[in-house]
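Visitor: So the sequence lines, in the order shown, correspond to chains A and B.
Its first residue numbered 1, the first sequence is counted upward by one per residue in UniProt numbering.
Its first residue numbered 1, the second sequence is counted upward by one per residue in UniProt numbering.
Rather than coming from a laboratory, the hints here were simulated on the basis of the structure.
Please note that a few of the clues may not be correct.
To be verified - No more than 20 Å apart at the CA atoms, straight line, and that leaves these computed lysine to aspartate or glutamate pairs for EDC-like:
hint	chain 1	residue 1	chain 2	residue 2
1	B	289	B	238
2	B	423	A	92
3	B	485	A	62
4	A	29	B	198
5	A	29	B	182
6	B	242	B	182
Stated by the list, open to error - Restraint-style ranges between C-beta atoms, simulated for each label pair:
hint	chain 1	residue 1	chain 2	residue 2	range
7	A	118	B	474	53 to 59 Å
8	A	19	B	191	17 to 23 Å
9	B	476	A	143	24 to 30 Å
10	A	74	B	98	21 to 27 Å
11	B	182	A	69	22 to 28 Å
12	A	26	B	470	35 to 41 Å
13	B	245	A	118	56 to 62 Å
14	A	117	B	182	35 to 41 Å
Claimed, not checked - Over 10 Å on every C-beta distance to chain A, these chain B residues come out as not near it, computed from the model:
hint	residue
15	4
16	124
17	198
18	216
19	359
20	425
Where is the CB? At the ideal position from N, CA and C, for every residue including glycine.
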Amino acid sequence: MTRKTVDRAVLVLLIVMAVLLYFSTAYYKGIAIKTSAKYVQFLAVFIGGLSVVQLGHSLLKDRSHDRLVLTGHLPRFLGLLVALIIFALVFEPLGFFIPAAIFIPVMSYMLGYRNLLTIGLTTVGVLGFVYLVFIQLLSVNLPGINF
Amino acid sequence: MFEYLAIVFSGPALLTIAIGTVAGVAIGGMPGLTATMAVGLLVPFTYTMDPTMGLMLLGGIYCGAMYGGSIPAILLNTPGTPAAVATAIEGYPMSKKGKAGLALKVSVIASFTGGMFSIMILLLFAPVLARQALAFGPAETFLLALMGLAGIISIADENSSLLKALIAGLLGMIIAVVGTDDMSGSQRYTMGLVELVDGIDFMPALIGLFSMIQMLELAGMQHHTVDTSALHKKQKSEPMPKGIGKHIALGSGTGTVIGILPGEGATIAAFISYNLSKRISKTKELFGKGNPEGIAAAESGNNGCVGGSLVPTLTLGIPGNSVAAALMGAFIIHGMIPGPDLFTEYANRTYPFIISMFVANGVFLIVGLSFAPYLARIALIPPALMVPVVSAFAVLGSYALNNSVFDVYLMIAFALGGLVIKKLGYSLEALILGLILGPIAEGGFTQGMIIGHGSPMIFFHSNIAKVMWVIILALLIPPLYSYYKMVRGGKPQAE
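Build out the structure end to end from the sequences listed, making use of the hints.
Guide: Encoded structure:
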């Protein structure tokens with residue numbers, strides 16, 4: 001997809017959001033009608049207005065056809081993103097150490113690093129650092145299984 | 001003052017500052033990692049620390065990282081931080097000529113001088129400015145937030161357009177609306193999620209927008225080999241070039257002033273100082289070919305930003321740049337709201353924090369003069385190892401502040417959404433400033449409207465308010481006029 005198409009889609013979304021935001025203030029209750037509602041309306045009007053101007057500018061002047069490139073290496077980018085989501089999903093039941101002990105070496109390998117000894121030492125080093133500094137020294141409470 | 005000095009010069013405090021500064025130099029030396037990322041990532045972990053120690057640690061990281069970026073810039077032509085790009089322009093050619101030792105010396109002395117000068121300005125002027133803030137009512141507080149928004153305009157650079165910077169700032173303010181309405185106690189836009197009742201914390205947003213985005217970008221980047229020949233060349237000790245002092249002084253002053261302006265960052269300070277130095281130089285022809293004057297100006301400029309950026313942050317609650325925004329988060333999570341209270345009620349924490357940054361500058365001066373060539377090797381750490389480690393810390397940091405996995409999801413969402421809008425030319429700095437300024441603006445606006453019985457004239461009533469309007473207009477008119485001229489002239493606008 002081209003950059004300008006995505007940009008225009010984002011601007012349209014912002015305009016829709018501004019309209020919804022403005023009208024949502026009709027449901028405010030009590031003192032909020034006189035205070036918070038005015039503030040939210042102020043934000044809605046400004047972001048909506050600016051988005052309309054930017055969209056108009058894009059429609060009239062933007063003749064570019066360059067593609068929107070989020071990353072130079074999609075599999076690695078998506079791999080990191082998916083791994084992060086899995087990390088977050090298992091964070092509560094398993095805690096930090098077990099997911100991190102899998103996440104760091106797997107991601108290093110996936111990103112192209114092949115020295116397994118360095119990967120292993122880095123993983124052990126990071127986990128040891130987190131244990132000593134965050135658990136023992138700073139008493140940070142982590143969920144799930146701790147050591 | 002002696003009691004504050006005693007706090008800073010105690011054993012644990014000195015150790016904390018030294019650890020923070022050395023860590024900052026190392027982080028600044030790693031391409032892809034910035035001071036904002038490091039400070040943002042570590043703020044949640046300081047929650048359980050003694051507040052003064054936590055702030056000293058973060059202050060050390062800020063000072064160290066600002067300098068650290070120059071080392072790989074000079075030796076490897078790989079700026080550790082964006083603020084060190086101008087340093088690389090002069091530093092790397094010097095390294096190729098076998099003058100890396102001199103370049104590193106100029107860099108660390110200029111960084112030290114710029115940092116010390118700006119922190120001195122912070123120490124002298126911040127309490128005075130904070131006292132003025134006592135006269136501020138809700139209307140003036142709202143106008144302060146508007147001033148911050150006006151500062152957002154100045155964030156707009158060649159990569160982000162003026163309108164898009166404003167839109168991003170407003171989007172941040174709208175995100176800040178989510179949660180419980182302080183005036184009525186009712187919930188807004190929480191979609192029934194308990195996790196959103198207290199609103200969207202800006203720390204996961206900050207970690208997502210400034211740390212995780214960089215990791216996503218690094219993960220998808222094609223890596224190139226770095227020329228390490230300068231690391232192996234023998235360096236002879238050379239004296240500082242004559243006349244370099246005026247370039248350091250110019251950079252220190254420029255960096256401090258630019259740092260004070262809300263929204264302006266170290267990169268802009270470094271480039272403006274570099275350009276000014278080029279104009280006054282007697283050896284203009286050497287610029288771009290390895291002129292130590294350029295390094296002196298750029299480094300004193302970006303380090304001058306450190307103290308400057310903290311002036312509006314600590315006194316008015318308006319962050320000077322994104323690192324200052326992260327530091328402001330640290331003050332807030334320790335219950336210290338920026339403003340006059342920092343210099344009265346919390347003086348025993350604020351002054352030691354400021355004084356600790358003098359020490360941090362001394363630490364990186366020693367480190368830089370002794371170990372700089374060895375530290376450059378940090379830049380050679382493969383991104384494939386760095387990305388998973390920093391990502392794991394990003395997950396941990398997002399979780400640690402509120403013990404909430406929801407914040408980890410928020411961090412990932414901000415990283416992904418932030419990457420898309422960054423690629424479209426929206427300013428992430430503006431977004432985060434909007435998120436921070438949002439509650440300040442809303443509080444001032446709603447209370448002002450109540451005091452003014454619903455009339456917006458309250459925002460024009462006091463003399464302070466009138467002066468603030470003048471400042472806001474002064475901040476807005478020049479960039480708007482330039483933008484108007486650019487659009488009228490048909491010059492292609494960056495998007």
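Visitor: Between residue 182 of chain B and residue 69 of chain A, does the C-beta distance stay in 22 to 28 Å?
Guide: Since the Cβ atoms of residue 182 of chain B and residue 69 of chain A sit about 42 Å apart, the hinted range of 22 to 28 Å is violated.
Visitor: Can you let me know if the beta-carbon spacing of residue 19 of chain A and residue 191 of chain B is within 17 to 23 Å?
Guide: At roughly 18 Å between Cβ atoms, residue 191 of chain B and residue 19 of chain A fall inside 17 to 23 Å, so the hint holds.
Visitor: Examine each Cβ of chain A, and state whether all of them lie more than 10 Å from the Cβ of residue 4 of chain B.
Guide: Holds, since 24 Å exceeds 10 Å.
Visitor: For the pair supplied as a hint, residue 289 of chain B and residue 238 of chain B, confirm whether the alpha-carbon distance does not exceed 20 Å.
Guide: 18 Å, holds
Visitor: Is the gap between the beta carbons of residue 245 of chain B and residue 118 of chain A within 56 to 62 Å?
Guide: Once the Cβ atoms are compared, 45 Å apart, the range 56 to 62 Å for residue 118 of chain A and residue 245 of chain B is violated.
Visitor: Is it the case that residue 216 of chain B keeps its Cβ farther than 10 Å from each residue Cβ in chain A?
Guide: It is violated; residue 216 of chain B is separated from chain A by about 6 Å at its closest Cβ, not greater than 10 Å.
Visitor: For a C-alpha distance cap of 20 Å, please report whether residue 29 of chain A and residue 182 of chain B respect it.
Guide: Roughly 13 Å separates the two Cα atoms, so the pair holds.
Visitor: If I claimed the Cβ atoms of residue 117 of chain A and residue 182 of chain B lie 35 to 41 Å apart, would that claim hold in this structure?
Guide: 55 Å, violated
Visitor: Does the alpha-carbon distance linking residue 242 of chain B and residue 182 of chain B stay inside the 20 Å limit?
Guide: With Cα atoms ~60 Å apart, residue 242 of chain B and residue 182 of chain B exceed 20 Å; violated.
Visitor: Check whether the Cα positions of residue 423 of chain B and residue 92 of chain A lie no farther apart than 20 Å.
Guide: 33 Å, violated
Visitor: For residue 359 of chain B, which was marked as not at the interface, is the minimum beta-carbon distance to chain A over 10 Å?
Guide: Correct as stated: the minimum Cβ-Cβ distance to chain A is 21 Å, above 10 Å.
Visitor: Does the claim that residue 198 of chain B lies outside the interface with chain A hold up, using a Cβ gap greater than 10 Å?
Guide: Non-interface label stands for residue 198 of chain B: nearest chain A Cβ at 16 Å, farther than 10 Å.
Checked against the numbered hints above, the structure breaks hints 2, 6, 9, 10, 11, 13, 14, 18, 20 and satisfies the rest.
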